[in-house]
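Sequences listed follow chains A, B and C, in order. Per the numbering used here: the first sequence = residues 2 to 485. Per the numbering used here: the second sequence = residues 2 to 479. Per the numbering used here: the third sequence = residues 2 to 96.
These aren't lab readings, by the way, just hints derived from the structure by calculation. All the pointers check out, no bait thrown in.
Rough simulated footprint, nothing fancy, chain B against chain A, three-plus residues with beta-carbon under 8 angstroms:
#1 85-96
#2 323-331
Here are the simulated lysine-lysine pairs, DSBU-like style, with alpha carbons at most 35 angstroms apart:
#3 A/K412 x C/K11
#4 B/K244 x B/K216
#5 C/K11 x B/K244
#6 B/K256 x B/K216
#7 C/K93 x B/K131
#8 A/K335 x B/K256
#9 B/K19 x B/K80
#10 B/K131 x A/K335
#11 C/K11 x B/K216
#12 C/K11 x B/K80
#13 C/K93 x B/K256
#14 C/K93 x B/K216
#15 C/K11 x B/K131
#16 B/K80 x C/K93
#17 C/K93 x B/K244
#18 A/K335 x C/K11
#19 B/K343 x B/K362
#20 B/K172 x B/K256
#21 C/K93 x B/K19
#22 B/K19 x B/K362
Ideal placement from N, C-alpha and C gives every residue a C-beta, glycine not left out.
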Amino acid sequence: MYEKTIAQLSAGLASGQFSSEELTRVFLERIERSNPQLNAFITVTAESALAQAQAADQRRQRGEAGPLTGIPIAHKDIFCTNGVRTSCGSQMLDRFIAPYDATVVERLNTAGAVMLGKTNMDEFAMGSSNETSYYGPVRNPWDLNAVPGGSSGGSAAAIAARLTPGATGTDTGGSIRQPAALCGITGIKPTYGRVSRWGMIAYASSLDQGGPMARTAEDCALLLTAIAGFDPRDSTCVDQPVPDYAAALNRPLAGLKIGLPKEYFGTGLDNTVAAVIETAVTEYRKLGAETVEISLPNSQLAIPAYYVVAPAECSSNLARFDGVRYGHRCDNPKDLLDLYTRSRAEGFGAEVQRRILVGTFALSAGYYDAYYLKAQQIRRLISDDFRRAFDQVDVIAGPTSPTVAFNLGEKVDDPITMYLSDIYTIAVNLAGLPSLSLPAGFVGQRPVGLQLIGNYFAEERLLSVAHRYQQVTDWHNRVPAAFA
Amino acid sequence: MEWETVIGLEIHAQLATKSKIFSAAATAYGAEPNTQACAIDLGMPGVLPVLNQEAVRMAAMLGLAIGANIARRSIFARKNYFYPDLPKGYQISQYELPVVEKGELLIDLDDGSSRIIGVTRAHLEEDAGKSLHEDFHGQSGIDLNRAGTPLLEIVSEPDLRSAKEAVAYMKKLHQMVVYLGICDGNMQEGSFRCDANVSVRPKGQSQFGTRAEIKNLNSFRFVERAIEFEIERQIDLIESGGKVVQETRLYDPDKGETRPMRSKEEANDYRYFPDPDLLPLALDEAFIETVRASLPELPDVKKQRFITQYGLSAYDAEVLTAGRPLSDYYEAVVALLGGEPKLCANWVMGDFSAFLNRDSKEIAASPVNPEQLAALLRRIQDRTISGKIAKDVFEAMWMGAGDPDAIIEQRGLRQITDSSAIEKVIDEVIAANPDQLAQYRAGKDKLFAFFVGQVMKASKGKANPQQVNDVLVEKLKG
Amino acid sequence: MSLGVAEVAKIAHLARLAIRAEAAPAYARNLSAILELVEQMNAVDTTGVAPMAHPLDMAQRLRPDVVAESSQRDRFQAIAPHVEAGLYLVPKVID
Numbered sequence: 002m003y004e005k006t007i008a009q010l011s012a013g014l015a016s017g018q019f020s021s022e023e024l025t026r027v028f029l030e031r032i033e034r035s036n037p038q039l040n041a042f043i044t045v046t047a048e049s050a051l052a053q054a055q056a057a058d059q060r061r062q063r064g065e066a067g068p069l070t071g072i073p074i075a076h077k078d079i080f081c082t083n084g085v086r087t088s089c090g091s092q093m094l095d096r097f098i099a100p101y102d103a104t105v106v107e108r109l110n111t112a113g114a115v116m117l118g119k120t121n122m123d124e125f126a127m128g129s130s131n132e133t134s135y136y137g138p139v140r141n142p143w144d145l146n147a148v149p150g151g152s153s154g155g156s157a158a159a160i161a162a163r164l165t166p167g168a169t170g171t172d173t174g175g176s177i178r179q180p181a182a183l184c185g186i187t188g189i190k191p192t193y194g195r196v197s198r199w200g201m202i203a204y205a206s207s208l209d210q211g212g213p214m215a216r217t218a219e220d221c222a223l224l225l226t227a228i229a230g231f232d233p234r235d236s237t238c239v240d241q242p243v244p245d246y247a248a249a250l251n252r253p254l255a256g257l258k259i260g261l262p263k264e265y266f267g268t269g270l271d272n273t274v275a276a277v278i279e280t281a282v283t284e285y286r287k288l289g290a291e292t293v294e295i296s297l298p299n300s301q302l303a304i305p306a307y308y309v310v311a312p313a314e315c316s317s318n319l320a321r322f323d324g325v326r327y328g329h330r331c332d333n334p335k336d337l338l339d340l341y342t343r344s345r346a347e348g349f350g351a352e353v354q355r356r357i358l359v360g361t362f363a364l365s366a367g368y369y370d371a372y373y374l375k376a377q378q379i380r381r382l383i384s385d386d387f388r389r390a391f392d393q394v395d396v397i398a399g400p401t402s403p404t405v406a407f408n409l410g411e412k413v414d415d416p417i418t419m420y421l422s423d424i425y426t427i428a429v430n431l432a433g434l435p436s437l438s439l440p441a442g443f444v445g446q447r448p449v450g451l452q453l454i455g456n457y458f459a460e461e462r463l464l465s466v467a468h469r470y471q472q473v474t475d476w477h478n479r480v481p482a483a484f485a
Numbered sequence: 002m003e004w005e006t007v008i009g010l011e012i013h014a015q016l017a018t019k020s021k022i023f024s025a026a027a028t029a030y031g032a033e034p035n036t037q038a039c040a041i042d043l044g045m046p047g048v049l050p051v052l053n054q055e056a057v058r059m060a061a062m063l064g065l066a067i068g069a070n071i072a073r074r075s076i077f078a079r080k081n082y083f084y085p086d087l088p089k090g091y092q093i094s095q096y097e098l099p100v101v102e103k104g105e106l107l108i109d110l111d112d113g114s115s116r117i118i119g120v121t122r123a124h125l126e127e128d129a130g131k132s133l134h135e136d137f138h139g140q141s142g143i144d145l146n147r148a149g150t151p152l153l154e155i156v157s158e159p160d161l162r163s164a165k166e167a168v169a170y171m172k173k174l175h176q177m178v179v180y181l182g183i184c185d186g187n188m189q190e191g192s193f194r195c196d197a198n199v200s201v202r203p204k205g206q207s208q209f210g211t212r213a214e215i216k217n218l219n220s221f222r223f224v225e226r227a228i229e230f231e232i233e234r235q236i237d238l239i240e241s242g243g244k245v246v247q248e249t250r251l252y253d254p255d256k257g258e259t260r261p262m263r264s265k266e267e268a269n270d271y272r273y274f275p276d277p278d279l280l281p282l283a284l285d286e287a288f289i290e291t292v293r294a295s296l297p298e299l300p301d302v303k304k305q306r307f308i309t310q311y312g313l314s315a316y317d318a319e320v321l322t323a324g325r326p327l328s329d330y331y332e333a334v335v336a337l338l339g340g341e342p343k344l345c346a347n348w349v350m351g352d353f354s355a356f357l358n359r360d361s362k363e364i365a366a367s368p369v370n371p372e373q374l375a376a377l378l379r380r381i382q383d384r385t386i387s388g389k390i391a392k393d394v395f396e397a398m399w400m401g402a403g404d405p406d407a408i409i410e411q412r413g414l415r416q417i418t419d420s421s422a423i424e425k426v427i428d429e430v431i432a433a434n435p436d437q438l439a440q441y442r443a444g445k446d447k448l449f450a451f452f453v454g455q456v457m458k459a460s461k462g463k464a465n466p467q468q469v470n471d472v473l474v475e476k477l478k479g
Numbered sequence: 002m003s004l005g006v007a008e009v010a011k012i013a014h015l016a017r018l019a020i021r022a023e024a025a026p027a028y029a030r031n032l033s034a035i036l037e038l039v040e041q042m043n044a045v046d047t048t049g050v051a052p053m054a055h056p057l058d059m060a061q062r063l064r065p066d067v068v069a070e071s072s073q074r075d076r077f078q079a080i081a082p083h084v085e086a087g088l089y090l091v092p093k094v095i096d
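The whole structure should be built from the sequences, with the hints applied where relevant.
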């Protein structure tokens, strides 16, 4: 059962081939067996998963099942789950039992999905390799010496190793797409405002967006249909109807105009990755799409602008972790200042502290204009680049990451090199556009992801463009040998 | 040297919404600690703010009432600092683009003159919680019930020149927000409080002196005393060769002095930036016009109307329009009685207000409603009872004895207007006091009052005083 | 811009992070490198470009003034490090 996609499992449940309880037990067993190796889960909620599965089976008997009823999934540990530890990959929240559900969690619960547990992640979603987690790094199922990418590395690795058929992730600068690429799965970052951020622990509020991760675009469509949509609790959530994403998957590609930004194929892109991407682009041409070279002239400014905007917002978002109302509190604070500085220094890891410091600096008196304001202006330029591009093309395609998965420890001491691995994903967050990564081949044992970028609220199109490709390729069906 | 004082006030008015500015928790005062602090107010991970439309409407009301510009687009910003009563580590406020800009307020001074004071801006923000310093084993206790309560911070221009002017401005603004119904004005509960920026400069100098900010003044008296102390302190300091330093100070009402605030010693760097969780607040013409149409008549306008429409003195009009409940009550009585505005004014300002005061009652809780008071005044008007008897009837009404007519009937207070009955009483009184009669007739006019008193006494106050006068004059002539 | 140990200490204080003296030089180095990276922004003239704070050009939605929360103090304080009599306790606050 574990080798099936969500769509296939949904059909199996509907036809009575197996029950949700049986299915849930299969995945729980696989987690129990493989998680010690992969470290993809921080918390496994076996007991409540079985209870949810039984409830789903009863619901099915009553004839009230939907496409996700009884489907096991996992949540990135950034989403608050009522009564279950929500750590955000940080010592700060190691003992934080969330007293409410995130909207995304609530909606999947309502759909009848079964939560297997909470997946590992870079601390507070700050990282590109999953090595900043307080709970230790996640390993890439394709090569246990390689990183799975980050920050949603636990979700990506768990799906690739078939420990769960689907999971939630969040993407602030590539945190869904880059690990999806490095683990050979499919993940979509929706348009900013498409999915509610309520209950999703904030890293950089104007960039953060939750989205689904699964093996296929079809599965992502099923999950996204369930989690997307207006939420009165999030002021930045857009009140626009949610289409049935799965219904539009088979739209033909003939006449589709794909833009290939020359900046995404230049220096910095690994040759072997480039070759895989070019093959994928050729496949699209065969499917009837037209490709044109485009330019996103301010691409090289995305990382600099991001590393001002995101740290600035995070420095403020993470101020609430002060040891007073919840979270880590240092022992025997001698005064108020000591309580703050020690609780925070003990509770946060090095990368989080670095970003808080950078952000604090960028907003401080005398530097605001030169850093924060400047970055907001660059953000406008980057966004305008995309606006112009979408006057010419329907979809933009390119590599998700400049390289395949790198080795554990390889970049951990060099923040700048680490930051550059998000070079193709970050601009999308600055602009707020939807974007998807899908498996497009391998370099050796390590997967390569193809990134598709759409115009605002063009998730339907992105998913169908990815789905058509997955109809004629089988990269998404490859299983890492150790977990087959 | 002659010194000039320069004062600017920052007034925080808690808006009278039911729920908080960014959450659906209640704003009621006095609840058990932390029972009105929801996940948003506590700054829990993953929570998000959503703006309360009523707070926006109230801010616009004040803006329109002081002739200010209502920003069509304003921005919420985060003011970042760490403090235990500030759960998120930042306060959501407005910084660069506030919702209200450039208004003015007319203040009346003791000498009868008035001045226009500029209002620089008014912006929406959230209140913080409270630190309780009672001894919890040497620790402070934090109550976050107040966290997230909507505040309108109203910032004046440095136009005020004395402590008295500052108080006059604050009182006028207090009257305004209460009139508009956007703030309960309860200063003891902190619903209306003030920070004062005070500096002095040699008279004639155009640039400002260095200012000190006195925080959290929560009564008119404290504002006056704190500012007066601060002016003296600064002048003494400069005259003895010292320099005023820019700092935040606290007023100690027990000692009657200000002292530097220890926690604010270090220079703050609040790192304001636009709150990414909140989008720009956009207000359109239709919204602003709806708010404008809903504005009540403002105190100054109402006062003028009372003078012209009811023929009241400036003093009476001032007293009656000091608060909306009183002016509403007054106008209701006049309307019900169908005239006699002066009589109504005397009663509303007189016995009615005196009883309210005596029992510390709000008008809404008055045992005598406008219908009942008008019914009473109607009985004066139609001479059923005298004004003096009416006072007794009013007291009985206040104590819950029922409608005036019932009281008059039950207690037999109906005025005697039957002239033969009055003549009979007068004849008896004259007959009983031959000495006084003789003295009166010998020219001791003052004794007239004695006879009136005796007649009223004999009639238990019920004889119509005018008739008693008229008949007595004739009878005493002999 | 290159940051020294003293500047890092100042920023760390603003951010309420206790940074050990021996870790300060490494932070100074890392932060300086990050600032160098972000200063690539200066390559572009942005005069007259409107800053973009939000990805979507929308206005703030407003909420009706309705009380919809009841006390969850016990639940919320069950995860608090230090409470007494319904209050969160902290080392003495001085004002």
